[in-house]
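J.: Work out the full structure: start from the sequences and follow the hints.
What follows is each chain in one-letter form.
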Amino acid sequence: MILLPCPWCGLRDSEEFGYVGEPRGRPNPLTTTTEQWRDYLYLRRNAAGWTTERWYHRMGCRRYLLVERDTTTNVVRPAGQVAPEPEP
Amino acid sequence: MSERLSRQPGEVIDRAASLTFDWNGRTFPAYVGDTIASALAACGVRVFSRSFKYHRPRGLLTASYLDPGCMVQVGDEPNVRGAHRLVESGMDVRSQDTWPSLALDVKAANELARRALPPGFYYKTFMSPGRLWPAYERVLERFAHGGVLGSGPASAGREVRYDKRHAHPDVLVAGGGPAGMAAAVAAAQAGSSVLLVEEEHELGGHLRWGDPLDLAALRELREQVDATPAIEVLTDSVVLGRYDGNLVSVVQRGLPDIDERLVKARAKTLVVASGLIERPYVFAGNDVPGVMLSTAVRRLVNLYAVRPGERAVVLTANAEGDAAAADLERVGVEVVRVDARQGGDIVSVHGRSRVRSVELGDGRTLGCDLVVTATGWTAAVSLLTMAGDVPRYDPRAARFRPDPSLRSPDVLATGGVVGDGTLDELVAHADAVGREAARRAASAPAGPLPELATRAHPELVRGRTHGIVDFSEDVSSKDLFAAVAEGYDSAELAKRYTTATMGPVQGKLETVNVVAIVAEATGRTIAETGTTTWRPPYAPVTLGALAGREREPVRRSPLQSWHERQGAVPLVAGAWIRPEHYGDPAGEARNVREGVGVIDVTPIGKLDLRGPDVTRLLNLVYVNKWSKLEVGRVRYGVMCGEDGVVIDDGVTARLGDEHFLMTTTSTGEAAVWTWLESWLQTEHPEWQLHVTPVTTSYASMNVAGPRSRELLALVVDDVAVESEAFPYMHVRTGRVAGVDGCVLMRIGFTGELSFELHVPAGYGLHVWQTLLERGRDLGVRPFGVEAQRILRLEKGHLIVGQDTDGLTGAYGAGLDGLVRLDKGDAAGLPELRWQHETRDGTRLVGLQTTQESLVPVEGSQLVDHDGLICGRVTSSRLSPALGRSVCLGQVEARFAEPGTRVTVRLLDGGTTTAVVTEHLAQVDPEGRRLRG
Amino acid sequence: MVDESVVAMSPIATASPETVVSGWTVSARHSTAALTLTDHTPLSKVAIRAPWDGALAQTLGVRFGRTARASWDVGPSTMHVLLAGASPGEWLALAAPGEQALVVGWLEDAAARTDELVSVLDMTHGRALVRLTGASAPRLLAKECGVDLHDSVCPDASALRSLVAGVATDILRDDRGGTRSYLLHCERSSGQYLFDSLLDAGREFGVEADGFLAPGI
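Top line first, the protein sequences correspond to chains A, B and C.
Okay, so the first sequence: first residue is 436 according to the numbering used here, each after it adds one.
Okay, so the second sequence: first residue is 2 according to the numbering used here, each after it adds one.
Okay, so the third sequence: first residue is 637 according to the numbering used here, each after it adds one.
Treat each hint with caution, since some may be false.
Claimed, not checked - List of simulated lysine to aspartate or glutamate pairs, DMTMM-like, C-alpha gap at most 20 Å:
#	chain 1	residue 1	chain 2	residue 2
1	B	269	A	450
2	B	165	A	450
3	B	165	C	836
4	B	165	A	503
As the list claims (entries may be wrong) - Rough simulated footprint, nothing fancy, chain C against chain A, three-plus residues with beta-carbon under 8 Å:
#	stretch
5	440-449
6	489-497
Simulated from the structure, these hints should not be mistaken for laboratory data.
Heads up, the beta-carbon is just placed ideally off N, CA and C, and yes, glycines get one too.
T.: Below is the structure:
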């Protein structure tokens with residue numbers, strides 16, 4: 436229902452996409468602790484407000500993309516307008 | 002037609018085209034253009050329905066789309082708006098939910114039981130004793146309101162057709178009154194494509210039942226719209242809702258061959274010109290047939306040439322009420338005006354199935370048969386609130402007004418919903434808004450919008466007595482006072498407790514009155530009380546319209562038509578349709594163990610992987626190692642997620658140095674492709690490889706059984722099939738049955754000697770039929786998914802998602818031997834390491850019921866000595882090869898030792914015992930048959 | 637290559653009367669309707685993967701979102717090819733039935749002249765392809781596809797991928813003789829369902845199934 440700005444295909448209905456979520460750096464699997472790894476698996480900022488998030492254009496160009504979405508209003512804009520948030 | 006008047010200047014009926022229809026079994030006349038209600042009213046019918054709870058007789062209140070007193074059954078279609086639906090020749094119309102008849106409705110006894118049926122009575126009654134609930138249900142069913150589906154004479158016996166379409170107008174205008182029309186024309190002239198949506202059967206709004214000047218303006222506006230090709234007009238269509246990004250849903254009716262069409266419009270700018278809706282006045286007897294709003298009178302007289310009564314009392318507080326009184330006098334009705342602006346008031350109306358008399362505020366009681374009220378207007382702000390608008394109450398105008406400050410900038414408003422003015426002022430405002438809408442649709446920066454002031458209007462909600470507030474839900478002002486007294490003292494709580502505003506009218510006639518009465522009961526102002534939130538849908542919509550055309554996506558194998566001709570029982574697996582069996586799954590399974598069978602496995606996921614870095618990806622996504630896999634070899638692999646949970650399994654074959662063919666489960670195909678791409682695009686864009694799904698490039702078939710090699714030899718042209726030439730877990734490419742480019746793998750899900758053939762799909766049926774022809778002497782038979790399930794279960798081969806779940810890790814699935822922890826990196830590697838270290842959780846085990854023929858249902862729980870759940874049966878079948886049950890299950894590690902006895906809880910509550918087996922495989926546990 | 641006697645079948649049931657063209661069972665029907673739907677599955681279909689901005693991309697000369705026709709010489713013969721920029725770094729080459737090996741060969745030669753990672757896959761069997769032709773084609777598609785197909789947004793020779801009747805489909809606009817025409821390309825197993833959905837949605841426009849005309853592209 437919301438429109439997402441795919442950098443390749445332009446504005447498309449969100450039904451064409453799969454939602455991936457807030458990107459989060461992957462710890463080194465060889466040296467990580469359980470706490471670091473599980474934070475990576477399950478914890479996200481989940482802010483009320485502008486959030487950078489990844490989507491996958493499954494039914495279109497099949498590229499992964501980033502957008503910024505205000506989670507309180509569902510206004511979406513192409514990523515890159517705000518600096519990505521540091522890890523919590 | 003005793004109440005039909007002579008020709009009226011703005012009438013919409015065609016007196017040259019008459020027809021007949023039935024109402025409750027009696028035949029009535031009508032003209033083309035009549036609604037069901039107007040045709041009946043023309044014949045003097047006054048009672049159209051019985052109210053929801055108390056079954057009080059009800060007549061016309063608004064004579065429009067919203068009229069709550071006129072929901073009828075038309076043929077097989079329930080809940081038809083009788084004051085909106087046009088009459089068709091031969092229509093069979095009946096009143097709803099009345100027994101035995103509309104005139105004498107026994108359920109009106111509900112009214113006598115009123116004290117036992119206060120608002121919210123269902124929260125307090127029919128609760129205990131709980132075991133009587135089936136009896137309560139039967140009673141409540143009989144009193145449930147609404148029409149009937151699928152019984153009674155079908156109208157014309159045709160099937161209902163739904164449809165759907167997308168639209169991309171620059172500007173969508175919701176509302177086709179004068180403001181809507183002017184805005185549409187202005188936007189189109191400014192270069193936009195426009196979709197204009199109007200609820201009624203024609204454009205025009207209130208101009209249609211206006212005076213000669215209104216009718217002339219109407220003609221002019223209609224001509225402008227007709228002359229503008231960029232405007233697409235939808236009439237008899239309702240805007241259901243506005244969603245993020247100006248996605249606007251519309252249900253369109255009135256199309257030939259289609260009953261309802263859902264239009265999903267993505268508009269750059271939305272202009273809301275939904276107008277004003279007249280409010281009822283609350284007093285005792287305000288729901289007696291014959292009490293109606295001024296707009297109802299003006300519609301009946303001017304659009305349908307129907308005289309609504311002979312002696313009328315008109316309570317008027319505005320110019321529209323005055324005009325209604327004038328219309329009535331013009332057509333010969335006796336009128337007594339009661340001017341609310343001068344303090345005039347109605348105390349109560351007497352009558353039951355018709356108005357008999359009215360008691361006025363000045364003490365007079367007048368005999369009459371028609372009572373008209375014109376006490377205020379409600380702005381139809383629903384669509385605006387769906388766009389973030391928070392309307393504010395304007396006490397001077399006695400209505401809520403939109404507040405654009407919080408609203409999305411791509412949603413504009415014009416017309417009565419914003420303010421008042423002369424027709425010229427409204428049109429000028431709409432023109433400016435239309436032009437601005439076009440500018441915003443063309444991505445120009447938002448410009449200013451003109452204002453539209455409101456006229457003062459007295460605030461009139463309730464007289465001195467209590468009356469009906471929500472006509473659809475039978476909620477009175479007394480009920481609202483009672484709700485407040487019980488503590489439900491906000492608009493939102495009172496609404497939910499009494500169900501006021503929750504009926505088919507969805508608050509359009511009653512929300513402001515509800516708010517005002519809650520305010521009165523709590524001693525607050527209307528502004529302080531606020532209003533409820535309007536959400537989609539704006540009007541009730543059929544599920545059929547939302548579903549659109551009947552559609553069920555189906556994926557078919559190239560062999561499916563053959564399966565159907567053989568009478569295979571179809572199995573729907575995801576979107577694929579597959580043969581479950583051909584009549585004898587146990588026999589099919591036995592044939593595979595004893596001879597040779599063929600199965601269509603086309604839905605198996607297949608991915609083509611090419612490039613120098615393929616093994617890097619395989620090492621990453623599989624739990625085992627892949628760098629040393631030789632060309633021509635096949636290896637089994639299991640994939641885990643980053644949480645160490647099993648997500649898929651399959652075999653991958655190396656066709657060349659840089660060319661691999663990966664197989665996945667059929668249900669996991671799309672997920673695995675997405676998974677691989679996520680690694681390649683987001684973590685390792687530097688890796689050089691391409692992944693392409695080729696699931697449907699091949700028709701895939703498994704030739705399985707001790708005689709499978711013999712059969713293969715009869716169809717393969719250029720591949721050596723002897724055991725030494727084609728060992729277990731090897732892959733070859735070649736020509737099969739005259740078809741080049743086939744891939745052959747020697748693998749074995751069924752545990753028998755078997756070969757999986759992947760044939761270019763277009764030739765799939767040819768190769769399949771060749772196998773069956775040439776293998777006749779070998780006793781070849783097709784086998785289906787059910788037989789395959791039995792065979793793999795006899796061999797203890799797990800199915801991901803069936804024998805594993807969302808928590809099963811690689812070790813829990815018994816894959817200890819497969820996992821390599823000494824890899825550089827792998828998905829979920831840390832979790833796999835920790836699983837290996839802690840060794841808790843559940844384990845996959847084979848189970849043998851001590852009662853050999855008993856096959857516990859899949860999902861049966863396993864319990865320990867204390868009766869606590871310690872696992873479950875994940876797969877179970879009766880084995881044709883062994884003549885006893887075979888099962889796989891997940892069980893807590895402490896019970897996973899072979900020989901352990903566990904209790905199985907059966908569906909009927911009884912229990913039985915099962916023993917953990919030595920091996921997962923029950924047939925040929927050493928796997929000799931596979932490697933033959 | 638196949639035995640002469642072996643004939644390939646489309647996933648879409650053939651509208652009678654049947655005939656065989658280039659080793660495929662096809663429909664020999666001839667429709668005069670203003671809106672027609674034809675099964676073009678027998679066409680050679682080759683998928684190319686290469687860097688979206690690399691040397692092969694230059695050679696192919698078709699950007700993402702566009703289509704173009706080309707003539708490729710292979711030995712003495714000339715192949716007529718319709719190229720589409722299907723997604724970033726992915727192209728689709730369509731040619732007459734039976735020519736897939738030549739198309740693959742031409743592309744592999746072109747790829748060998750670059751030092752990029754190029755994958756050339758013959759998808760003739762893996763995909764279904766239908767052509768919808770007629771002035772009301774965009775109105776029919778508007779019932780099954782949510783993307784705006786207006787001329788200003790999707791002119792002739794554009795390519796896009798979205799959902800049609802719920803199936804991921806490449807939509808290639810390829811007008812014929814001034815009449816609106818679209819090629820719709822999806823994975824093979826949904827071919828019959830896509831065809832049926834379009835015939836159903838097109839009923840109000842009088843759509844008819846039409847026959848396959850060699851060479852087809």
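J.: Among the hints numbered above, which are violated by the structure, and what are their numbers in rising order?
T.: 4
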